[in-house]
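*Asks:* Please model the entire structure based on the sequences and the hints provided.
2 protein chains.
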Amino acid sequence: MPPPAQGKSPWAGGGTGITCYEVSLESFVSKRTLLPLLALLLALPVRADEGLWTFDNLPLDRMKAKYGFAPDAALLKRLQAATVRFSGGTGSFVSRDGLVLTNHHVGRGAIQQVSTAEKDYIRNGFVAATRAQEIPVSGMELMVLTATRNVTTEVLAAGKGLAEAEAAKARRNALSGLQKAEEERTGLTVQPLTLYRGGQYWLYGYRKFTDVRLVAAPEMKVASFGGDWDNFTYPRFDMDFSLFRIYVDGKPYRPEAWLPQATTPLANGNLVMVSGHPGTTFRQETAAQMAIARDAIWPGRIAAYLRRRAALAAFAATGPEAKRLATTARYGVENAIKRAEGMLMGLRKPGNLEKVAREEQALKARLGGDPVLASWDRIAEAAQRQKTLLPEAPLRENLGCALLGRTVTLLRLGTETRLPSEKRLPEYTEGALKATRDRYGNSAPVHLDLEQAQLAAGLREAQELLGAGHPAVQALLAGRTPEAAAQAAFQATGMADPVKRASYLAGGPALDQDSLVAFARVFEPLARAAQLRYQEQVQNVLDEHGGRIAEARFRLLGTSVYPDGTGTLRLTYGPVAGYPANGTLIQPFTTFYGLFDRAAGWGPEAEDGAWSLPKRWHERRSSLDLATPYDFAYACDTVGGNSGSPVVNVRGELVGLNFDSNIEAQAGYYIYDGTSKRSIAVDARAIRQVLTKIMDARHLVDELDGR
Amino acid sequence: MPPPAQGKSPWAGGGTGITCYEVSLESFVSKRTLLPLLALLLALPVRADEGLWTFDNLPLDRMKAKYGFAPDAALLKRLQAATVRFSGGTGSFVSRDGLVLTNHHVGRGAIQQVSTAEKDYIRNGFVAATRAQEIPVSGMELMVLTATRNVTTEVLAAGKGLAEAEAAKARRNALSGLQKAEEERTGLTVQPLTLYRGGQYWLYGYRKFTDVRLVAAPEMKVASFGGDWDNFTYPRFDMDFSLFRIYVDGKPYRPEAWLPQATTPLANGNLVMVSGHPGTTFRQETAAQMAIARDAIWPGRIAAYLRRRAALAAFAATGPEAKRLATTARYGVENAIKRAEGMLMGLRKPGNLEKVAREEQALKARLGGDPVLASWDRIAEAAQRQKTLLPEAPLRENLGCALLGRTVTLLRLGTETRLPSEKRLPEYTEGALKATRDRYGNSAPVHLDLEQAQLAAGLREAQELLGAGHPAVQALLAGRTPEAAAQAAFQATGMADPVKRASYLAGGPALDQDSLVAFARVFEPLARAAQLRYQEQVQNVLDEHGGRIAEARFRLLGTSVYPDGTGTLRLTYGPVAGYPANGTLIQPFTTFYGLFDRAAGWGPEAEDGAWSLPKRWHERRSSLDLATPYDFAYACDTVGGNSGSPVVNVRGELVGLNFDSNIEAQAGYYIYDGTSKRSIAVDARAIRQVLTKIMDARHLVDELDGR
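Residue numbers (this note's numbering), protein chains in the order written: chain H, 1 to 707; chain U, 1 to 707.
These are computed hints drawn from the structure, not numbers from a lab. Idealized CB from N, CA, C, for every residue including glycine.
Partial list, derived from the structure: chain U residues whose beta carbon lies under 8 Å from chain H:
hint: 1; residue: Asn-582
hint: 2; residue: Gln-587
hint: 3; residue: Gly-603
Okay, derived cross-link-like pairs now, DSSO-like style, lysine-lysine, Cα gap no bigger than 30 Å in a straight line:
hint: 4; chain 1: H; residue 1: Lys-693; chain 2: U; residue 2: Lys-693
hint: 5; chain 1: H; residue 1: Lys-615; chain 2: U; residue 2: Lys-693
hint: 6; chain 1: H; residue 1: Lys-355; chain 2: U; residue 2: Lys-349
hint: 7; chain 1: H; residue 1: Lys-387; chain 2: H; residue 2: Lys-169
*Replies:* Right, dumping it as structure tokens:
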């Protein structure tokens, strides 16, 4: 199973485009250096409602003390069974007939995939009036976590008595073996999971669903009202939802549990809980790492995003179909830019890094003469090398072209599998091989023009970062411009065709005539060398010494703290709450009134109609109850991957749909600040009203109500 | 004529309370160090629409080039004649029968003055259904600028051939003589005015109106919707207006000009102009002064405001009548705190002071070996002394008690007038004497309990800042607590009674039995010493050397730039425009929709009902056109004193009522930043709708329409 993408993140974004960056971010930052800042100082008071808690280790006493409430086992079981895992996000069962609610931006790749220039469901929205009209989305897979097993004892036993390097290998092998056995035993898709950086090992077993159909989605204009401008901001007026249905054997699936609609109105101050799949956070990084992130990594990344945005804009300008194709990728890039700016804001906020450094000093003091203290220095050195290797990022990231990445996979499925598992690149080890093959085979449509434009942009970026005289650049361009080289690579390729792609894997003779395969044969060894350099000089050091620090922390703190995000199921909780910003207090709820205020305040023309509403919203306005809450803010600890998470009240009833967090929250990838970090949800009452009054989907509201 | 107070400023605030601080701010900062940053570098491009321009010297060519429009002489004449000067703010004639429109917060002191516990017009609003019901406001004075005369040649001639100190005195005397002659000649109230710090001298002649009556005001809840929280912020939903009428000889006054309602709807991007009385700005301060302002003056001032706020809250808690009395003062203090924080934000913004320093260096370079260069060093030294003298602020500021200030005036009217004019404190020189006597005689009601509470707070502050062992503190307290000393001072005083006050001035025998007079006799010499210390060691140096720098600048730049704010008539212009903030673009207009959104988003209970609406607003909601613009933002260069200014379109028609600026604008007292500095107005269309649909004042809308 691949590491889950971040919802609405630079490294996810639906079916096309910047999914290339999923790899890139993971190589830019250590994803295994995981423990919260909270863990640093037992002596400090626990920060309010911080935490990405696993369901097996919730701070129930703390909740009870603060809110007079803690969820019981039955509620937690129901919540877990009702939570659905999307690629890069979350969803939830909201009816007994397998209706799944998620964000529009999580479902957007699927909606776009089933759209055409004539039937543009992104633009116009969609409602299946009957189940027969629900549209299957090919290649879409959803998963539900049905079994978890703590295998810490077995895995640790495997390494016992061995030297450190041997022990690590033995533990990996043991975990991999346990995973295989569990898959065979249960028939589930089993994910081996390391929590607390080796403090705990788990197997997470998922039931996978592959017949997923689009049921309903509002117009993109209202789903992301305010567009890139309002993204990551609040007060907000986004109707960011979509509905899918899972089918099994051609029939609507009856889930083990589903979330009923709230029976009491949600109010300011009410406690809510969010169940979902928060992705990578960097709260455990050392102060030295954060300083490099602030001064080099994120500024470099933003520069890369800006190049990519320019390339996509140029592509989109070539015609209406190109514009439509580029939409999702452009949205993803804008999103990435703003998120990165939010993170930088947090890293640069006076006092923040100083605080991290102080807490680090305090932890070090508690560790006395422990040899682990040297690990901080090793990490600081690796972070410096990480900065030095930044210009090689395009080589490590398939030049930002997803189809080139797939072609590289094709070549490596041939070469890497001939090596012993421990010598392979990570994606080709025995445990990862199946997922890699599945990704290669994914039949979602590929748009060659867009892929070619992205390859050209990636080549130009490599040229700028490495210099025209760099051997890799010379080999790739061979005297041509980036655009000409990309054109040659896409001149005659079958890689977009699932049938041809499958035949290539079987070693079909056409392989040698494919222009993209030819390009990839030049590219792959250059990429491999860059990836290995990064792996050895940066990632391995960060993993090893980050692991040692984490181990020392786990020794001191154990499960009294939460493990950093791993894209797996977590629960977070906190009250509905405004927050101080912009010189005032920001309101906890927005309403339909505010939606029309913002639309009228800007008018339909401003900023390419960013705040314009579809015609029917104006026509049907008088039928709406304008005081109905639309979006709301709450003090939960969500991050990317929580997109589409259900927000439930203390009875486990659905009150909202998490879709974003405010600009202040972006700093939370590194540093949690409860005073102004807020999650943002669509209010469930607003979804009901929109389905009824705007989308003519009364039948879906009846279904939500269990009628 | 006294220097005008700043509208909505720490040193104004209606009839009571923190008006004490009017003096204080003027003594904290040099008010004669006036020239804009813009002036510093002729080589730099002119910053967009910066400028507090005098009507005689508008940048018409620049406006024409940028907007294809510049006001003609007729429009300017009409605008000047229609602009009304309030104490601490601005208003405008909006009907042929002398109806004057200003802000609720400018008229609030008057509204409060005519209110009682039973007829609480602050809380409930007020409309005079007939002219007979219009309520006279005793002591209220409004002025209209009817004649201006440039007397630069005469004043400069008076100093010709004399040594510097003698020349300054000769110029002052000449200006004072010209003022007297002009008053006798015209019968007007004549203000001698120094622009460009001595580059120009003017006489401004005002017609003064003393029969002013309250016509209409909405509920305070809607006038300052969002209260202290939303003050100085945007997007905003304030219906911050009030209407007065000027009477002459018992009949409605027919003004020379009045502003008609707009005939075309105002839209985003439209050019608007604002006519009003911007007060002191500090844009001309040296980098060294701004650094002291950032590091000592404003932090010290904020600490003083916080003490005062605590004292007022304690007073307000003593009963409902005390709470009512303290309202205006508390509002003023909150306002002052937020404004100070905004200024500090601007001063602390990375790069801002560095830019000032760079521009200063460039100006110095242009001045070559000019002896004026030494003035920067003298100012830096004086700023350091200013910091040292900060703890004496309470002594210089009548201990924050307005009635003590008046009692000091009483004593000084006796003593100072025996000295030759040039040896007197500034307020007692021949030119200023009449205004000082007028202020002493002002018959607005005085609330003894509130004054006593403020004196106690001021004594406690002096004790904290100077230390209990300081001779002044020991003399004032004489072994008592601050509260006991204040109680003794207010034990038996007639100073609140206009009749007794007048008799005291005539030297009536009761004077010697008055407890507050007795206290003032101890206080006055201490205050005088502190004031003289500050005057000699700080103010005179800032004036002298600030003047020399200003003179050098005026030599280089002349009237190609605007003079800093002097509380006199200015015009500023710019487009209706949103701005970047909070991670997004902020909408240019808000609407009634948004008002109800914010009310519903918070609910009626939150933050003491800060965002609750009066009952009739809910009851009559369905009669409103909710898409009507409510408030709007525009890129004009307004500051305190512009409160209540008319906002007009290019035809000179009323489109809005300036009432505030955003939090980003507060930095504009020091540093102009056109990207995010925005003025905020109530939209004239909203006022019409509220008068008609909520306030049952159709007759006033008819009057506005000239019917």
